[in-house]
Amino acid sequence: AQSVSQHNHHVILSEAASLELGCNYSYGGTVNLFWYVQYPGQHLQLLLKYFSGDPLVKGIKGFEAEFIKSKFSFNLRKPSVQWSDTAEYFCAVKPGSQGNLIFGKGTKLSVKP
Amino acid sequence: EPEVTQTPSHQVTQMGQEVILRCVPISNHLYFYWYRQILGQKVEFLVSFYNNEISEKSEIFDDQFSVERPDGSNFTLKIRSTKLEDSAMYFCASRQYGSGNTIYFGEGSWLTVV
Numbered sequence: 007a008q009s010v011s012q013h014n015h016h017v018i019l020s021e022a023a024s025l026e027l028g029c030n031y032s033y034g035g036t037v038n039l040f041w042y043v044q045y046p047g048q049h050l051q052l053l054l055k056y057f058s059g060d061p062l063v064k065g066i067k068g069f070e071a072e073f074i075k076s077k078f079s080f081n082l083r084k085p086s087v088q089w090s091d092t093a094e095y096f097c098a099v100k101p102g103s104q105g106n107l108i109f110g111k112g113t114k115l116s117v118k119p
Numbered sequence: 825e826p827e828v829t830q831t832p833s834h835q836v837t838q839m840g841q842e843v844i845l846r847c848v849p850i851s852n853h854l855y856f857y858w859y860r861q862i863l864g865q866k867v868e869f870l871v872s873f874y875n876n877e878i879s880e881k882s883e884i885f886d887d888q889f890s891v892e893r894p895d896g897s898n899f900t901l902k903i904r905s906t907k908l909e910d911s912a913m914y915f916c917a918s919r920q921y922g923s924g925n926t927i928y929f930g931e932g933s934w935l936t937v938v
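Each protein sequence line maps, in turn, to chains A and B.
So in our numbering, the last one in the first sequence is 119, and the numbering has no gaps at all.
So in our numbering, the last one in the second sequence is 938, and the numbering has no gaps at all.
None of these hints come from the bench; they were simulated from the model.
Only a predicted model underlies this, so the values are computations on that prediction, with no experimental measurement involved.
Please note: incorrect hints may appear among the correct ones.
As the list claims (entries may be wrong) - Calculated pairs, DSS-like style, for lysine-lysine (alpha carbon to alpha carbon, straight line, at most 27 Å):
#1 B:Lys902 - A:Lys114
#2 B:Lys907 - A:Lys118
#3 A:Lys111 - B:Lys907
#4 B:Lys907 - A:Lys55
#5 A:Lys77 - B:Lys907
#6 B:Lys907 - A:Lys75
#7 A:Lys64 - B:Lys881
#8 A:Lys67 - B:Lys881
#9 A:Lys75 - B:Lys866
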């Protein structure tokens, strides 16, 4: 079955630390890849997405993600986190044959001021 | 920026009762979705809807669930006879026509079944 794995359940960082959140998926065909963020008390918001082209994708708020097809991975990175980045981050995959998204379990990021 | 809106934001219901969760998708969007997130678990796909019919549904979306687009603007999820395990955050989402388009989510409706 298709699945999305996020390796870290809860990450705690100090401000200005670098961030990398792992995401791996299991699907052999064409995929569209997404990272969503859910700030406390708010809805899911799109952070960035990859459909095709340059595998290094830049999103909002200084986030970027790199699609590595051979590793079935789409890791999220940010060079220097801020307290306002405290949120839950969800990786999602849309297999080419389907219209819906398959989500990972999410990674909670806590940034200490 | 246009938004997907959902009502109610929180509903508490007794087991066995019927619940209707309402959503107003973004106006020019043609695909509509319901997802749910049980506390502490991942966001799970329930159903997608296009051209006035269900296009995909998951194993979770059994006969207790139904969706409807009653008036061209609202998109509703009905749970006929709620169970304790239906307690979750239910997210409505929508997107434009075209497989590459982003899915936009509403703020969610918290359903607590007691």
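Hint check results:
{"no.": "1", "hint": "B:Lys902 - A:Lys114", "verdict": "violated, 30 Å"}
{"no.": "2", "hint": "B:Lys907 - A:Lys118", "verdict": "violated, 39 Å"}
{"no.": "3", "hint": "A:Lys111 - B:Lys907", "verdict": "holds, 23 Å"}
{"no.": "4", "hint": "B:Lys907 - A:Lys55", "verdict": "violated, 36 Å"}
{"no.": "5", "hint": "A:Lys77 - B:Lys907", "verdict": "violated, 40 Å"}
{"no.": "6", "hint": "B:Lys907 - A:Lys75", "verdict": "violated, 41 Å"}
{"no.": "7", "hint": "A:Lys64 - B:Lys881", "verdict": "violated, 32 Å"}
{"no.": "8", "hint": "A:Lys67 - B:Lys881", "verdict": "violated, 34 Å"}
{"no.": "9", "hint": "A:Lys75 - B:Lys866", "verdict": "holds, 24 Å"}
Consistency with the previously given hints fails for numbers 1, 2, 4, 5, 6, 7, 8, ordered from lowest to highest.
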